[in-house]
Amino acid sequence: MTYLLTSLVNGLVFGLLLFMVSAGLTLIFGMMGVLNFAHSSLYMLGAYLGYSIGRWTGFWPALLLAPLAVALLGAFIERYMLRRVHRHGHAQELLLTFGLALIIHEAIKLMYGPYPVEYAIPAELARTAFSVNGFNVPLYRLFIGAVAISMFVSLFLLMRYTRLGLIVRAALSQPLMVESLGHNVGFVFLLVFAIGAALAGLAGAVAGAFYPTGPNMAEDLGSIVFVVVVVGGLGSLEGALVASLAIGLLTTLTVGLDWTLAGALAPFGLSGWAASIGGLFSITLSSLTGSLPFIIMLFVLLFRPAGLMGERS
Amino acid sequence: MPLDRRDVLKLAGAAAAGFAAPAIAQARPALKIASVETLSGPGSTVNRLWSLGLKYGIEKINAEGGWNGQKIVYAEYDTEGTTGGASQKTQAAIADGAHIIAHGGSSNIGGQITEDVRKWNLRNPAAKVLFFGLGIEALELTGAKCHYHFFRFATNADIRIRALVAGLKAENALGKKVFSINQNYSWGHDIQAALEQSAGENDFTLVDKVLHDVNKIQDFSPYAARIAASGADTVFTGNWGNDLSLLLKAVQAAGLKVRFATTFLDLPGALSSAGSAALGYFHAELWNPQAFGAFGQELWTDYKAKMGTFPSTSEAKSILALLFLQQALKTIPEASKIDVDQIAQALERTSYKAPTGDVTMRAGDHQIAWPIVVSKVEQGAKFATDGTDMGFVPVKVIPGGEVLNTVQASCKMQRPS
Amino acid sequence: MNRYHRIAVCLAAAIVLLAPLTFSDRYANLAIRILVAALFATAFNLLWRQARLLSFGHGVYFGAGMFAAVHLMRANEAGLNVPLILVPLAGVLSGLIIGLLCGFIATLRSGAYFSMITLAIAELIYSLGPRWQALFGGEAGISSMRIPSMGLSFAALNEVYLIVLGWSALGFVAIRFFAKTPLGQIAYALGDNERRLQFLGYRTHAVKVCLFALSAAISGLAGGLLGIAAENVDYTVFGPASSAAPVIQTFIGGADVLFGPAFGAAILTGFGNVFSDVTRLWLLYQGLAFVVVVMFLPAGIVGSLLSSKKRPLREAIANTLAVLLCSASLIFLCESASILLSDSYASLRANQGGSWVSYRLFNIELLPSSPIVWALPLIVALAGVLVSCKLKRQEEAA
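Residue numbers (our numbering), protein chains in the order written: chain R, 1 to 313; chain H, 1001 to 1417; chain P, 2001 to 2398.
Any given hint could turn out to be false.
Pairwise CB distance ranges, derived in the manner of DEER restraints [to be verified]:
(1) H/Gln1218 x P/Ser2355: 38 to 46 Å
(2) R/Trp60 x P/Arg2074: 55 to 63 Å
(3) R/Ala123 x H/Gly1231: 27 to 35 Å
These aren't lab readings, by the way, just hints derived from the structure by calculation. Virtual Cβ for every residue (Gly too), placed ideally from N, Cα, C.
Input sequences plus hints: build the corresponding full structure.
What follows is the structure, encoded as structure tokens:
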């Protein structure tokens, strides 16, 4: 019971963290049709900048400044690099973001060394929120969840109820029309990319204090974020939320479950036979934790490529 | 003085010159030792220490006259963290004239190098090389992968677990329920198997066992939850690096009251991550500065003076391996050609007198038998470790013969005639 | 190119390709890796050049071939006597079968979705790698040893190089020849306009699967060749680095030219082998070069070279000069930053009481506090930028 409760909390928080990172990615893809491979690198950059700026100004100002810096970088990338490559086609844009991911990754290793840095939770937040059967849940986890939820709410309100959101959504489907109506669509694109980058940077600055801030951050999270965005539906914010919660819960809950196919055959009395065969039958669910997101993604791409809540193209 | 890029370049240059220099006017060849380690990338901070220890140890031996009338030559090669890179660099080291390849960081890479050395020796019997395992502790290296030219200077999983169990029992700290959590590769498998066997022979039950991905898990709280759910008193783990630090942090964050029995708590970064929660945790290793008395004290201060930091276990083990080698080399007369088979024979016959007891190299599988020091983490220890005020205080020293495992049946060592 | 040029080029190529037979193990190893990378990149490029499909997970088929070859070698050690020259065939077959399976799934969708499916498959296999001990050997991998066959011992790598050279040539010929077959021609049409092809009555999905299978088979061949040379393999061959390599090499070399990817693979593998020993920043330089090529040379190096025949030589020299100057100063700045930001330099400074200590780069002693150290590379970079700007202005004026 303890295990279930704590895993639920952890899974939800991890899912919300995934949402923070994937929100920006899905926005950018929905907006510009560009799959930003560099997104998880921006997340990593946010974490490292949060650490560096934090050492200079303290944790809370860094939480504001780090995403800002990442947003500026995002704006630069969009204006001077993506736009230039845009006329050569989607594939070139994909390749550009792919290359940028490599550069950001290596540049961070250059600046900070190839090992993790001690980005620590500030003292105010470093305590236990509550206890479940003697098992403590740290306050910072709830903080991460709170930041993610407020991010979702503000984005949702921005898109739905503000004029800027209206223009952005219009520019999504009819950029030329919107441009001829007098709006600066180029600036809108720039803004969206910058906001997406800022979201990733904020996620990094917040999560980096809790999870290890090291050069492997981007790879570890990057592939799962990809899965979340595809499963949720490229361009759909709600889909990204649902998918990230689902995947976060699934990966956290299965860590402790040693179910096997052989065990599943127990009601039929076949588990002994299945266990003796071994191989596929005795692979535990917990050992597949890392692979589950990709199995799900494959299924979704085959049977419903638009994702759970994406628009059919 | 810490080793920086200039030194590395100078060293590489000197090594290259030393290695490449033709042996025209040299009546006596110099022994060449190559350190093939992961010097770049995520694992490098800890793995570099093996090379640093070797460098210090070789300088020390050279100050005492070297061997064969020459100074021992040292060179470094970077595996870049992959077995493919290790393979290529081993080839490069051999091409540069190394007689001994040394590696301490990873059992996987060690497994690769030992196979490469075995194949090289088979294909080039006139130019054999030796491979020293300074810290690679997976059982297969003295089991299925054993061969005459490999020597393990470190403990192995069986030895560590036996020592830990014996030590905890002596301290009445073993408890009845034990939890095992390890990394899912050869080393982790070995620890788990050793624990299972120990549970059968001793008075405790293994309530749950976990094998997890190596260096991939960011969040150990699900495992902390599992430990809580199992009701274990003691947790045995062979984890190292991030896997150990994060596990200890998660257990501390969850407020669990368990004891830990570890094998790598003394590596840099582990104790400082665990913080005060580590007090009372147990550890078993062949090196402990306090248990080594005057020798330990001298090494502690001299290393700090020369290299800028206190010696960690990795550096100490490299140095101890070299001292054992030095003892063996003393029995070999000077010659105009270095015969590694002779060195191997000498190693098998050597007995080294360490402050903790006698040390020998078993001929059957080339596993060294060191006395093992079981220690406990205490505050205000004499040799404070990892920038904290805690250190490892010895509680029991077990003679090598008592914890040595039997020669594995899978080791079919072919001896040169 | 007239007759004499052609003969000269062929002769030069023959010398370059046959030279490694005389090299020591270390350099024969490098030559083998270059050939393998070139073959792999060309196989990857087959999908792009013909059908405009970007596969981000090609490491799977390469890895499949490598594992197949090593397993076959282990079987050889146990008694099955397949001659070494036929072992790469295992790589071809495994690449083909896995390619058919995965290709069928992947080619159900197109465009970005296709790329994502290939990526998902690669990530899936990579995450399953350490689990499946029997097949992939877990974290340690599988190792084997070449046994003598057909009278040669294959102990030294130059004998292996002969096999690698032979099979690579076969692979290149197959790819070249494929373009001339009817299936190859249809595949070209796929890249141009898939819809129209469908309306003409062709089963485009079947064509895509065939193309994918061929690309995977030759990737498997490349993997098999590396398998017999390296004699070991572990699951990291399925990882992101493996799949990223052909992408980078192809687009730096030139994606629309047959030998573009091979060229890219050759220079990147060659330089990588040399530079990764000298500098920690090799991957950074590689990434920078990749982005620069994607932004300014969309046709790749070889592509640009071929199309620039119409442009005057002076321009080419000026452009190259600009690039060299900028790269030189960038490399200087990056390497300096790497030294100055390192831990050992920080402790050196601490020892000297916090003042700026001189450091050593390219055998020159440099003092960070002196303005010349920073002004010089900036001036050099500026010179490079000026050269290219002046060139552009001349272009526009003409």
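Checked hints:
| no. | hint | in the structure |
| --- | --- | --- |
| 1 | H/Gln1218 x P/Ser2355: 38 to 46 Å | holds, 40 Å |
| 2 | R/Trp60 x P/Arg2074: 55 to 63 Å | holds, 59 Å |
| 3 | R/Ala123 x H/Gly1231: 27 to 35 Å | holds, 33 Å |
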